[in-house]
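Peer 1: Sequence:
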Amino acid sequence: MTVEQNVLQQHSQKHQQTLLNQLREVTGTTDVQLLQHALQVSNGDLAEAVAFLTEKNGKAPQQDEAAYYQTAQTGNDRYMSVGSQADTRDDLQRAIALSLEESSRAFRETGITDEEQAISRVLEASIAENKASLKRTHTEVWSDSPNPHDRKRQENCPVGLKNVGNTCWFSAVIQSLFNLLEFQRLVLHYSPPARVQDLPRNQKEHRYLPFMRELRHLFSLMVGSKRKYVDPSRAVEILKDAFKSSDSQQQDVSEFTHKLLDWLEDAFQLKAEEEREGEKPKNPMVELFYGRFLAVGVLEGKKFENSEMFGQYPLQVNGFKDLHECLEAAMIEGEIESLHSENCAKSGQEHWFTELPPVLTFELSRFEFNQALGRPEKIHNKLEFPSLLYMDRYMDRNRDITRIKREEIRRLKEHLTLLQQRLERYLSYGSGPKRFPLADVLQYAMEFATSKPVCTSPVENIDTSGPPGGTAAPQQQTPSAADQGPSNATEPQQRVAVHKPFTQSRLPPDLPMHPAPRHITEEELRVLEGCLQRWRTEVENDTRDLQASISRIHRTMELMYSDKSMMQVPYRLHAVLVHEGQANAGHYWAYIHDPHHRCWMKYNDVSVTKSSWEELVRDSFGGYRNASAYCLMYINGKKPFLIEEEFDKETGQALSGLDKLPADLKEYVMEDNQLFDKELEEWDAMQARKARQETPATVTPHTGTEAGSLESPAPQQEPEYMEQPSPTDECRHLQEDTQRAICRAAAEQDESTPEAILSMAFKVEYARLLRLAQEDTAPENDRRLQHAIVYFLHNQAPKRILERTLLMQFADRNLGFDERCRSVMKVARAKLDLINPDELNMEEYEMWHQDYRNFRETTIFLMIGLELFQKRSYVEALRYLVYCYQYNKELLSKGLYRGHDEELIAHYRRECLLKLNEHAASLFESGDESEVNTGLGIMNELVVPCLPLLLADEAEERDMAAVEDMRNRWCSYLGQEMESHLQEKLTDFLPKLLDCSTEVRSFHDPPKLPSYSTLELCERFGRVMASLSRTPADGR
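The numbering of the sequence shown is the numbering used here, which starts it at 208 and goes up by one.
None of these hints come from the bench; they were simulated from the model.
Keep in mind the model is a prediction, meaning the values are calculated, not measured.
C-beta: ideal position from N, C-alpha, C; glycine also.
It is possible that some hints are incorrect.
[Claimed, not checked] Below 25 Å or equal to it, Euclidean Cα-Cα: the simulated BS3-like pairs (lysine-lysine) are: (1) K620 <-> K589; (2) K885 <-> K369; (3) K466 <-> K478; (4) K369 <-> K447; (5) K478 <-> K873; (6) K846 <-> K489; (7) K612 <-> K510.
[Unchecked claim] Quick list of the computed label-pair ranges, beta carbon to beta carbon: (8) L766 <-> E494: 29 to 37 Å; (9) W890 <-> S819: 32 to 40 Å; (10) A892 <-> K856: 40 to 48 Å; (11) A652 <-> E614: 40 to 48 Å.
All chains should be built: construct the whole structure from the sequences, respecting the hints.
Peer 2: Right under this line is the structure:
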């Protein structure tokens, strides 16, 4: 058999098994023979095979055990049978063999595999069905910033990938592979075989060769681009064309990775055959990603061994708590007792790895087909996995010792089960539906016995001859036993009586609230109390002993494989691919370890951020929200070349940036960088033109001083909040405060010179503002709004800032109530002129006043937002509250008292989004075309762009919970019956909603704020704050 024929045969077997794997995952059926029968009946059509299996719904023909184990010996994913001892084949297997031969012949003729044909048929049927429905109207949530500086790559920061339409699956996989530096080098230095550059041999070469070209271009940009993120559209389109899918079809990570590795292997196979003519070619993709295991089994007393290749190793998640449990279950099939005995007729098989690939990838099967509902569902169970995985226990060379340890663990688990059952009897004592810890039951019995006896029946009336301390009660009709009993406040076991206003006339408040024995002697009490105490002590000791034994067994099992001989094959976690959402829709991102900086990085489309193991655990283990790991990529810890940088042979320095690229790719990246530099230059030039156009209309506050003006050399223009004169005379209250200070100073000051009056008035006004700052007031009486000095005092502004601000108040040109005020104003202005620039940092002064202006603007945003929220104008309110929160957050970053209560703003922003989400969902449920579009418009234009703002602060659990509520609301529609056009709109919308990127997306410009006088602002803000009916402490 030629090399080419051998490769073709492997391909046909591989793709046949791939179809089986896909069919198994979609339908949840594990019967291999039934799956093969379904594919045979449907002629390789996946859709028909799924329909065939779901219609059967459990009525599948019984599988012959012998046939199962014979089938298990046939080729799996690149499986090659060597030395199988089972040589009998049934009719079904002969049919499959003929099918494989036909597939091989079709592949040689067309270059298109059965798998691709099946996928194309399914997707073409879906496209044909969708054409009859309304065309989708895309509302782009994320868009490129017009400012190229926002898209400029920071130095040494990894490059992100733009989501070009539900392509987060592409970004997650590509980033994981790109950060395998050995894989990166292979792709960058790939060159197509010379003989196929002009004319590819078949249709398949028309696909993967252009794809390799675009993948090289993409990788080169990810290495040396000046852009923060790059566009992968060309490579994505080639893949999508291969899948024959619509733009909105969201691909499965496992399916895509299979396809990607297939194409890469085929591309490198051509190159390997050309370079090693006459010899067995070595494919670097196979050597990097494929390993081999030995299937060791017994069939009706006959042993067999098969050597098989594997790529991505599938693992079931349901029913397991950690990765080792998944692996143990995957390595053993059937009953394996027969492997250790000669005479047992039971059948089973084990898998033992003989050769592990440098890159070991596990597929975590988190989807299963719900037969009752007729749709796939996601498994959200928690599954733990380590950052360092030792594979020694699964290696064939350790087969004997692993079997001994497995047997020991099995015995320990049996013993553990018995101990746990015994412990359960202590912790759940009783024979009825309600059970309690036995120690507590004995304690309750002791409390009952030691309560003071009652001589009357619980059903008899209470009369005036009641026990001491009680009061006579009117005649009652059958009061409950729980409300009877004497009071004895001196006994430690006596429960405190609870006063109930509505039952006080019927029951004395000092009677005990629980029953007690009516007749018990001191001798009986002494004996009973001794027995109960002794029994309780014995029970507590037994419980502790059982718990200690259980802990020891757990510890023994954990350390079973910790000896040095079983820690020789280390694999380090390289990447974790995460999926959030449901089976029908979701979002993918990746956590990738950076070995050089020793940290985890989160790759979420265009966003690449530093992360942590704690964040990875929270998002990847599952059981928390709807996010969980879907694929794990480990690398051999003893093969550092996988992640080592390439070094210059002459200088010995590590290559970086453009130096890593071949000449053709270096030129390609340099051209793209030149285009981006030109875009930056054009933007800067445009901004400069705008600035020049706006300059004549702008009056800078420093013009007078810098020009050395002789007339009225006022240093700076007063800030707007210092209440400059306006047609409505908004500044009157500040001028009146200044006038009162001057009048009071003149009355208290013996010397009537303007200088003396100014000095005293300065002290009087400062003392008044200091008292305002020291008052402990409610939020509706925020004194900071009354004067900048109060705000500065709250935030411990420097003394010089306070003095100049107050001096500016007395230097106001509008201070012209009388001659005395005018003279004080002139003295104040003269003092301002005498201030030496070295004595006061004007930049710091302006910064403090700018912060106060921002504080007032934030207050107005909050005030208007809350007013609109109370009027149920949630769309308008959201804009104000979103910007209020962002501006307030910037203020609070400088100091605790720089802004408003962050929790209050976050609460109403969150409430606004929840109400808009609920309204949009109700519009969608109506089914009316216009209302559905309105609802989705609200989500796309308002709610979805705000979600990254809520997810950015992960410490705010209520925001995270609100996001989950909103997502779950829409994900709940996935399994419901609805019209096809609604289903299409939902499928298009859900990936945007489930996108976990914290990249801030385009949002409406901030609303223009009206101007308010200080008095009006204080009054209006006070009214809205006082009217709030609930606070964030009440929860959502």
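Peer 1: Can the restraint linking K466 and K478 be considered satisfied, given a maximum Cα separation of 25 Å?
Peer 2: Cα-Cα ~19 Å, so holds.
Peer 1: Is it true that the C-beta distance of W890 to S819 lies inside 32 to 40 Å, as the hint says?
Peer 2: Given about 35 Å between the Cβ atoms, the range holds.
Peer 1: Return holds or violated for the Cβ distance of A892 and K856 against the range 40 to 48 Å.
Peer 2: At roughly 43 Å between Cβ atoms, K856 and A892 fall inside 40 to 48 Å, so the hint holds.
Peer 1: Given the hint of 40 to 48 Å, is the C-beta distance from A652 to E614 inside that range or not?
Peer 2: holds (45 Å)
Peer 1: Would the pair K369 and K447 pass a check requiring their Cα atoms to be no farther apart than 25 Å?
Peer 2: holds (16 Å)
Peer 1: Within a Cα-Cα threshold of 25 Å, do K612 and K510 meet the stated pairing?
Peer 2: holds (22 Å)
Peer 1: Do the alpha carbons of K885 and K369 lie within 25 Å of each other, as the hint requires?
Peer 2: holds (21 Å)
Peer 1: With a cut-off of 25 Å on the C-alpha distance, tell me whether K620 and K589 pass.
Peer 2: holds (21 Å)
Peer 1: Keeping to a limit of 25 Å between CA atoms, is the pair of K846 and K489 held or broken?
Peer 2: Within the cut-off at roughly 19 Å; holds.
Peer 1: Tell me if the beta carbons of L766 and E494 are separated by a distance inside 29 to 37 Å.
Peer 2: holds (35 Å)
Peer 1: Sort out whether K873 lies within 25 Å of K478, counting only the CA atoms.
Peer 2: It holds: about 22 Å lies between the C-alpha atoms, which stays within 25 Å.
The structure shown violates none of the earlier numbered hints.
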